[in-house]
Each structure stands twice: as C-alpha cells, then as structure tokens.
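Engineer: Given only the sequences and the hints, what does the whole structure look like? Please build it.
There are 2 protein chains.
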Amino acid sequence: MSSNEVNAVLAEHAPAIWKSLSRLGRAAFYPRDIPFQAAQAKATRYNATIGQITDGSGSIVPLPSVRRVLRTLDDDDRNRALLYSPIDGILELRERWHEWQRPDDALPTSLPVVTNGLTHGLSIAADLFGDPGRKVIVGAPFWGNYRQIFEVRTGSELIPAQCFTSQGYRPESLAAALNAIPGSEPAIVILNFPSNPVGYMPSAAERASLIGLLDDAAEKRPVIAICDDAYQGLVYEEGVPRDSLFFDLMGRNDQLVPIRVAGSTKEMVFFGGRVGFLTLPFSPDHEVAVALEDKIRSLIRSAIGSPCSLSQMVLLQALRSDTLTSETHATYDLLAARYRKLKAALACVVDPPFASLPFNSGVFALLELPESLDADRARQSLIADQSTGLVSAQGRYLRIAFCSVAEDDIEELVGRTVLGLRSQVAG
Amino acid sequence: MSSNEVNAVLAEHAPAIWKSLSRLGRAAFYPRDIPFQAAQAKATRYNATIGQITDGSGSIVPLPSVRRVLRTLDDDDRNRALLYSPIDGILELRERWHEWQRPDDALPTSLPVVTNGLTHGLSIAADLFGDPGRKVIVGAPFWGNYRQIFEVRTGSELIPAQCFTSQGYRPESLAAALNAIPGSEPAIVILNFPSNPVGYMPSAAERASLIGLLDDAAEKRPVIAICDDAYQGLVYEEGVPRDSLFFDLMGRNDQLVPIRVAGSTKEMVFFGGRVGFLTLPFSPDHEVAVALEDKIRSLIRSAIGSPCSLSQMVLLQALRSDTLTSETHATYDLLAARYRKLKAALACVVDPPFASLPFNSGVFALLELPESLDADRARQSLIADQSTGLVSAQGRYLRIAFCSVAEDDIEELVGRTVLGLRSQVAG
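These protein sequence lines are chains A and B, in that order.
Just so we're aligned, residue 1 is where the first sequence starts under the numbering used here, counting upward by one.
Just so we're aligned, residue 428 is where the second sequence starts under the numbering used here, counting upward by one.
Hints were generated in silico from the structure; no laboratory data involved.
When the alpha-carbon atoms are kept at most 30 Å apart in a straight line, the in silico DSSO-like pairs for lysine-lysine are as follows:
| no. | chain 1 | residue 1 | chain 2 | residue 2 |
| --- | --- | --- | --- | --- |
| 1 | B | K768 | A | K42 |
| 2 | A | K135 | A | K19 |
| 3 | B | K469 | A | K341 |
| 4 | B | K469 | A | K343 |
| 5 | B | K446 | B | K562 |
| 6 | A | K220 | A | K19 |
| 7 | B | K446 | B | K647 |
| 8 | A | K42 | B | K770 |
| 9 | A | K135 | A | K220 |
| 10 | B | K647 | B | K562 |
Now the in silico label distances, taken between C-beta atoms and shown as ranges:
| no. | chain 1 | residue 1 | chain 2 | residue 2 | range |
| --- | --- | --- | --- | --- | --- |
| 11 | A | D322 | B | T499 | 21 to 27 Å |
| 12 | B | G822 | A | S59 | 30 to 36 Å |
| 13 | A | A344 | B | H440 | 53 to 59 Å |
| 14 | B | G595 | A | G133 | 47 to 53 Å |
| 15 | B | S753 | A | D376 | 50 to 56 Å |
| 16 | A | S321 | B | D502 | 20 to 26 Å |
In this text, a Cβ means the ideal position worked out from N, Cα and C, and glycines have one as well.
Structural biologist: What follows is the structure, given as structure tokens:
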C-alpha cells in the first residue's frame, strides 16, 4: 500500500482516527523495500536479500565472545536473538503477550506490536496524533516525560487536569479540561493507572464515572485515549478493579479510540530489556488495524530500525515458562508487603508536615508539601541531611519509590523524611 | 541547564550548528527530573528515587526464568543488564567503544553516546537538524530508509546526487547538488562508506577530492556531514583507506560539522542487539559537546526512554575480550572470501545482462539493469523462476547481499541471476 491507499482506508473506515492524525501520522507508510522484499524471498534457495552476516542458510555467524554469553539459549533461540527482529516484533512473543495481557471477557484486539520499552510506544502514539496545537489532557500530578514526548517532540499542548488531590481522585477534572477545548477538534487523553507518580487506581465507582465522561466527551470530538499501563496488575487493595481501562473503553463509541501501551519493564522486572507492546482496539485483520500498523511499522523503522531481538528472546523464555504466574506473584507479594508497611508508617505520623495523596497501587506514593516549602529544595536537603533520596515533582510534591526500598527500611525512610521536612518547615 | 541556556551556548560557541538546528533540535533539552535527581541521590542510605524493583540495595529482583537465561553473566553484570541503562549508555561500554573506534592519529572526539542501533543514531541527527525545507544530500543509489528517517519524519527534502555509476565514483555530483542550494542556508550531507547498497569505499584520491569539495561547500554554508559508518572496516582491496571520513572531516572548518554514527550491528555481528554509537567532533568537555549531548539525551529519553541495558552488557563482554580483534578478523575473512568469489563470478559473465557498479567493500554489490527491465518485476521473477532472492532498489538496480550467501553458493547465485535476467530481456 502507498501512503495514499493507507490514508484512504482510514478516512473511509475510521474518520475519527483520520481527523486525529498528525502531519507525520498522515505521511507515514511502510515502504515495500528491504524487509518487505526479504519476506517475499524467504523460501528461495539462494537468498541474498538482507545485509545480515550469516552462514548462507540463515543462521548468524556470531563472535565467539557473544556466543559464549548466550550459551544458555538453544541454537535456534540464540540465532533469533542475534538476527534482526521483524519490525513489529517476534511473532511468538507477540502472540504470547497477547494471551498474557487479555482479560477473559475482552473484545478482540490487535496483535500487540513490540516497542522499545513503553516510552517508545507512547512516542509512537505521539508521532501518530501529536501536532502543534493538539491538546493532550493528562491527570496531574503526572510523569514529567509526557511533556517531552508530546510537547517537546511534536509541539502539541499538554494540559494538566488536577485529578489527584489529598481529598481523593477527581475524574471530573478531566471532563472539565476536555470540555474547555473549543469546537469539535480531536483531543488526546493520557490515562495512566496505576499512576506514576501517585500510585493510584480508581475504585469501581470512580472508574465507571471516568468511562462515562470519556464516552460523553467523544460525542463531541474524537478522543484518543492512551492507556499507559506500565504498572498493570500492581493493585494492592481488595475490590479495586485491576484490569486495564483499555478493554473497557474499546467498542463503546466510534470517536473514542483507546490505545494500550504496556510491557515487561515492571510486569516482568525487565527494566533493562526495553520490551513494550502497543495494542489497538481492533481485531488483527480489521482494515483499520492493518492500516494503522502499516504506519506504526514505518515509524518504528525510521526511528530505531527494529526492536531488540535479544531482549525479546529473553522475555520469551519467561513467557514460555510454566512458572511465570507464580514468579510474577512473588514480585507482587514483595511490593505488596512494602506497600502495606509504607501505608502503615505514613498513617502513624502524628501531625505530618505533608498531605499524602491517596495511593493503593503501583510502586510510588506521593506527598504534597505545605506551600511554605519548595519541593526541589526539600529534596536536596533530605539528601544532604537525612541521606534519603526522593524525587521532587511539579514544585510541590515528593515521590517515594517504595519499589526500590527494602521493607525493613521503610519506617526509617518515613521517619527521616518527616524529620527532614519538619526542620525545613521550622527553618 | 534550561533549553535557553543550552541554546545560548550553541549560538555563541557553534553558530553554524545553531543555524542548522531544527525546531525540535532547538526545543530539546534534558530536564532535571527523575534520572537527574536519581544521580544526585546515588549515595543516600535510603534511596527511593527510581521506580525500579530492587532488593532495597540497588540490585534487581529478577524473575527466576529471566535470571536463568542470564546465568552466564556474573552477578554485577547481570544486575546492570536488567536495570535501566543511563540515558546516554553504560559508561564502561562507551569508553571501550571510544577506544575501539579511534584511529591512532585522530583528534579528540566526544565520548560516544549509545543509540538503539545505527538507525536511531541517524534519527537523532534527523531530529536535531531536519526541518521542512531542509536539504539533505545523499549519494545515489542510496539506502531507502534515509527517505523515511529524514523526509517522512522531519519533512526535510532528500536530494539524491548520482555519485555511483558503472563508470566509477563521482564525488563531484555531491558538489553540484550542494552548490545548487540557494544562498547560505545550512545543508545536511549523508556520507555512507562503505556504502549500502553499492558496497563502495572511495580510493585515496577520490577521498581527497570528496573532503576538498565538502570543505569548499562549507565556506558558503553550514554543512552537517552525517557519517553512516555501519560497514566500518569491511574494505577488501589493498590501498583503499579504511578509516571513517569522520576523523578526516573534523577540525577543518567551523562550518563543516561531521557526526559519526557507527555500531556493533555489522562490526560485531550483533544485528539483534541494537547497539549503535553517535560521536561528535568535539572533546568530551567542550561546551558544544556538552550542550548537544544535553539535547541528545532529551531526544533519547522522549523517544525510547533509555537504550537496552541487556544488549549493552552482552556487547561489553565482547569488547572486554582479549580475542576481540581476532574474532572480528574471522568475520572479515569470511566476508572477504565471499567478496572475492562474487567479484570473480561477475567478471566471468560474458555479455552480462546488467552493468555491475564498482564495489570493493561492505556486504553488498549492485547491478544496474538495462532500461528495458523493471527492477522490481525482475526481482519477483528471480524469486519465482530461479529461487533467487535479491532486493530491487530505485527502479533500476538489484542488490546482492553476499554477506548472507555461503561462499560455495555464490557462483550458482550469479549464474541463476544471469539466466533469469537474460530470459526477461528476451521475453
């Protein structure tokens, strides 16, 4: 397909998506060059299509020092780990992740495309839909890199909606921000649950209200709802729904287009591997999925060539493992114990020099400081005076990453934080 | 530094670069958020800065099924393979690559920044310097992905200069294309030697003439010379210089700014690893290197988060190896034998139904077809009738990737190609 053909499919079958595409999103199409031609020549006896250094039968000729490190992989897997990955990822991995991520009652979705970590998935969404002037609504406090991914890269305008407050989660702030956008121009909404930096997952009632307001907003304009599900599954309170909003948002409204970005970074404790997945709310053979994935392959190929095969093959070993579920439960239990300890320690602070925002999930908790304190100065004092490292955010918050603190250290961490902040309030 | 401060440094100390920066290149700056703050908190006793799942002392808590695959790495290396990489790459790897890539008499350069394969390095250069209307000159025939990286992504205008002909290499075509650009507006030139798809490295005389004409062009306008050195070292003819042009182009002219993109994909036969390196023509502490790397870190973080740690740690094992040089020589010898076989086989074809472009390096050879044949139709017929897979390029060329054909199959590959093309010319 040419760019025109791909665009014609979208204009006809997905007008809301077509209206929402950026300049780059409209220009992108996957050319019929080397990877495409190599796929066509796959069965030839004399295959001289791809510039990979092989033995002449498709197997890599690795350096011995690389081969040695990867000797725990069998020959076939090692070979695949060292050769180029397909642009959209290794098929077996995509299929296994597809199974892994789907709730039982979910509607059909596309086969997830492999991205270089979750940020790359977000960046692909920004490439597709971000343009100068495009409004991107995000619940605040939010992860600072969204500003770089959307605003700096594409020139779109990030609009923080103050959803997370010490009094609770306020989805209506998102609705207000959406309704303030003039006319029927498309909007992007970033939905990050469990959230970074807040560590919050909506209750069933809040979730219903959030879904309802997005549905309403999509009556008026196309809404691209990017579900950043980095912390999928890490929900520590009974009764709080754990599944991604993506599966609830799809199939409701032609103008409401959820896109799922998830991956192994936190779910499989594979931070250094950079394996993420992007999923579209259409069945794999749906013409809109085919057209959008053509554009996505173009965006992957022109930004990073192809995703890392080595990481994909290592992750594949985990996804093939019979014990994967119990292995991820062990991670969950470790984090849940730290969560409970932190929750208890914060609850015990008498007259705290901060308000702690509601948290029930993820790997973070967030403290809102009194107005007399500057969060970044407070952060630096905690390093210098209390040997305690937190992250300051948006001028008034301190973020605690309890995922990187041992359970036994959490009380002391809270104690030192309280001590340090008190002396700063006093000073 | 803020974006304004970074830009002020470039405007003052590198006006040619400042004039050449794109909208995105000017907007990019590395924010002082999580990775920056985590670095400041590195020595704290209670470090809750980064959202990584660790034991509380900075070591990852891996899934057993992932740990098992990586058991050939020692504890420290495995830990680094599974945790986030620094945004600009793992320091020991950058230092070892720096040593690996430098000719003995080279001027000081920046410490290479790790990219997700070479394409990502090219894409960073496109992000920095590509803008709608910006002219990007490339010697033709050229690698098709340049069009996606520069034109599709940034809206710049790719201008092919017919440098590679069956009569020889014509650097003066580049000069003509550069001189045809009006006024003193900045230009980008892509220099890919050994080249894809041609497999050509300039002779000493051609190289001198190429350097001279780039130097001349830079009298009139800033010239950003992107050296795509993917096939570094794979030069099979005696007397043809093997070092990257990057080292010859730096330090000549303030308006001539070479940027080196190289990596392990071909040099270390690590196609699936996606480890590339981007090097700037300034010493590491030069204020222009510091300012540009601030922007580059921003572009990496907002596109892919961070580069893959796992691949970096595997490559590091190779770079630490005492036998690395002999290991890479073995790869070279394998390819050189195939090169000689292909060269000989093509020379023996009586009355060939193509002109073969001069080739002396890299992993490809390129055949120019008679005007009566369409290259893509010829390619499809070769698959169907001769079980022979080649890649068609730019309508009139067929590319032979001899790196993926066994030495013993090369004569037959050439025979079948001749047979197939002859029958098509006759048909």
